[in-house]
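K.L.:
What follows is the residue order along each chain.
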Amino acid sequence: MAETIIEVKNLHKQFGDNVILKDISISVEKGEVIVLIGPSGCGKSTFLRCLNGLEPIQGGSVTLHGEPVLYGKKSLTKIRQHIGMVFQSYDLFPHMTIAQNIALAPLKVQKRDKKEVEEETLKLLDRVGLAGKADSYPNELSGGQKQRAAIVRSLIIHPDIILLDEITAALDPEMVHEVLKVVLDLAKSGTTMMIVTHEMAFAKAVADRVIFLDGGEIVEEGTPDEFFDAPKTERAKQFLKTFTYSD
Amino acid sequence: MDLTFITQHYPLYVKAAVLTVVTGTIGIVLSAIVGLICALTRYYKIPVLRTITVIYTELSRNTPLIVQLFFLYFGLPKAGIVLSSEACGIIGLTFLGGSYMSESILSGFQSIKKAQIESAESLGLTRGQIMRYVVFPRAAAAAMPAVSANIIFLLKETSVFSAVALADLMYIAKDLIGMYSSTTESLLMLVIAYLIIILPISLLCSVLERRLRRGGA
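In the order they appear, the protein sequences are chains A and B.
Under the numbering used here, read the first sequence as residues 1 to 247, first letter to last.
Under the numbering used here, read the second sequence as residues 248 to 464, first letter to last.
Excised from the complex, chain A in its bound form (with noise of 0.2 Å):
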């Protein structure tokens, strides 16, 4: 039996009156790469946030290996240890070389051998194609490079999951495809991941579930053969026909 890694039943999210989450439940097993679409606003990156503590939820559990993820709580720095995450604007520290950015939260969080840590650095930059970009600051960096070195930075803790918020909303188009060969190269790799994204082909090319969300409530999932060739929902149809520019 497939192993779970991330649990969340009846999630229910508020800002005051306004209802962003309605009723989510979702289980992310070992491995399993998920994407997330849906219209801006449909409480995509709000839902990300819940998962790992960024926002408190109002109804519902979400648990890590059976762990709650409580908004917070002392216990959320252990869990956030084993969640992996990049921010649509990279959020490197711009004081930081990119490698003090990387060996920050193994060395002072999970208090790992600092030459280890290096070590593993230049191997996670390399396999980004940053060899040589380890004592650059993030202001000498482009946009994808950047964002390149925060999956490195989310990476080296070794999580059990990484979420990715609309990585790519931030770059040139020029940059998009280098970020998203290497989310790829790691879906390959078996990196449990759950993702929102914009780049429906991308999307087509990455999940192995697709969960369309509008309106805070989760209206179709399927694989993206079902989700993309051939929506159930009227919703669905609507919105994958945004993305088409033929009459």
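Since the hints were derived computationally from the structure, they do not count as laboratory data.
Hints may contain errors.
[As the list claims (entries may be wrong)] Restraint-style ranges between C-beta atoms, simulated for each label pair:
id, chain 1, residue 1, chain 2, residue 2, range
1, A, 111, B, 396, 33 to 43 Å
2, A, 204, B, 294, 47 to 57 Å
3, A, 12, B, 292, 18 to 28 Å
4, B, 456, A, 108, 20 to 30 Å
5, A, 107, B, 314, 49 to 59 Å
6, A, 30, B, 284, 43 to 53 Å
7, B, 457, A, 12, 43 to 53 Å
Just so you know, even glycine gets a beta-carbon here, dropped at the ideal spot from N, CA and C.
Mind docking chain B on chain A? Use the hints.
P.N.:
Structure of chain B alone, referenced to chain A:
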């Protein structure tokens, strides 16, 4: 201009300058510590302490240093607390400087984007680690110009110390003018003494600002 007067009396200025620098430095260092503590209580929105800090800041910033010094030097003895001129000068400067430093340091903390903190949180860093490794280094860089301005402002404010009989530079100048009517020479030496103290500090602050800004922080 009587050069003999200057050569005869400049040692008095040297002695007073040392006193100004020592009391000023102690006052500024303590101001920075008080300012940091106040900024942290406001940044982390610590209940009760935060309110006390806000009241202190308003009281301190909206009353002149000379009034604060008079309160310490002439007011407190009525309550049985007698402080030396030096202690009054240092405490007064700290009381005033703490609030200015607090505002500057807090604005440094607040300049760090929420996304940076969330990025650190998602790496599993604790609140203390986020402050130490992510917020503080960049906040220090952001706050440095305002902190530098405070340092220079507070050093200049020490000229009020003479009001509580502290034999600082201003005190000596006023004394010499009173005794010898040597207004030009005494004021010239006063201006030069302040420049000798403050100019290098001003330059040092600029160098520090540039260093802290390294890496585009």
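K.L.:
For the pair residue 111 of chain A and residue 396 of chain B, does the Cβ-Cβ distance stay inside 33 to 43 Å?
P.N.:
holds (40 Å)
K.L.:
Quick check: does the Cβ-Cβ distance between residue 457 of chain B and residue 12 of chain A fall within 43 to 53 Å?
P.N.:
51 Å Cβ-Cβ, so the 43 to 53 Å window holds.
K.L.:
Is 20 to 30 Å respected by the C-beta to C-beta distance linking residue 456 of chain B and residue 108 of chain A?
P.N.:
holds (27 Å)
K.L.:
Tell me if the beta carbons of residue 107 of chain A and residue 314 of chain B are separated by a distance inside 49 to 59 Å.
P.N.:
holds (51 Å)
K.L.:
Kindly confirm whether 43 to 53 Å is satisfied by the beta carbon distance between residue 30 of chain A and residue 284 of chain B.
P.N.:
holds (47 Å)
K.L.:
Taking the Cβ atom of residue 12 of chain A and the Cβ atom of residue 292 of chain B, is their distance within the range 18 to 28 Å?
P.N.:
holds (27 Å)
K.L.:
Looking only at beta-carbon atoms, does the pair residue 204 of chain A, residue 294 of chain B fall within the given range of 47 to 57 Å?
P.N.:
Hint holds: Cβ distance 51 Å, inside 47 to 57 Å.
Violated hints: none; the structure is consistent with every hint.
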